[in-house]
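**Q** When you line the sequence shown up against the numbering used here, it's residues 18 to 352, in that order.
Please note: incorrect hints may appear among the correct ones.
[Claimed, not checked] Here are the computed lysine to any residue pairs in the SDA-like style, where the Cα-Cα straight-line distance is at most 20 Å:
| hint | residue 1 | residue 2 |
| --- | --- | --- |
| 1 | K267 | Y189 |
| 2 | K112 | G35 |
| 3 | K259 | P244 |
| 4 | K112 | T224 |
| 5 | K267 | A232 |
| 6 | K267 | V197 |
| 7 | K112 | R315 |
The hints are simulated quantities; they were obtained by calculation from the structure and are not laboratory data.
Treat the numbers as computed from the prediction; the structure is a model and nothing was measured.
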Amino acid sequence: MASIHYEDFEIGDVIGVGTVGTIYRVTRRSDGREAALKLLSPAVSTDQQIVRRFEREMMILAKLNHPNIVGYLGDGRHEGQLFYVMELIRGGTLKEVLQQSGPLTWQEAAECGRQIASALQHAHNHGIIHRDLKPGNVFFTVDGQTKLGDFGIARDLRANDLTDAGLTVGTYAYMAPELVRGSRDITGQVDLYALGCVLFEMLTGRTPYVGDNFAAIFDQHLTAEPPRVRAFGVECPVELEKLIVQLLAKNPDDRPFNARTIQGILGELIADMPREESDLRGRDRAASAVKPIQVRLRDRILSGQNARDISWKTLGLVGLGVLAAIVLMFLFGNN
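Full structure from sequences and hints, please.
**A** Printed below as a string of structure tokens:
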């Protein structure tokens, strides 16, 4: 891991707060580059189990270097607190995009899925299983590129596992059956199952399995037939629907062989889109299709950011109005 100094950065606003740490927007003093700094909370800095998990997260991120994974810049200590610095992603999360503008087109979903699959294959090649793939952990750059982040509960198959035997980890709406059962003998197939859940949600706006509580959803992960996206009125190629059903297979052996297989299938679907450049073939043809899809994703992201800005401005104006009304009532009420 690359050792860096806390004093090398100018600390800015808080951009995220979790159970074990706080994430700040920072600026590197040497070159003005903005980044994100995650600082372990002093309240848990004496808990050796949490410290080991934080160190494991840093070690995992240091192993990964891929355009579709949030970049790692180094780590260090500040007044006894561990911290690490990572790439600052400004476009928000897939979860936010779905909440603000609704489901994606099948082309947008396929391109996001293709990039996520590429990130997963890189992680799996290094023995890393993410275990918590979900829309909230999929980030966008402002130009529409997809970035996989938050490896806080990832498992490194080449290191000692810190998870207690039989402990269920992950987010229940996206958990593969073997994770639901608390199996210790897991593979990258759990991430492929989660990718199936995420693709389904990108297209329909909801997770494959819903229920009143986690037990009801767990039962569906274990026993229910995978739903079909086209049953929800989604227009998409039959091959994409079949891929999602295969990803949601109960038996890991019935899912695609690896993430690269998924990347290839989604890439072919994008490359086969009807368009004017019909004379292009292979890699050039796929590249010509990806560019307009990322432009559409970029426009979604920017419109969502504008909507958030307007909402905060509106909230601020309403707050000022309420404050003014209270002041006037107080003044005239005393008269």
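**Q** Tell me, in ascending order, the numbers of any earlier hints that this structure violates.
**A** The structure breaks none of the hints.
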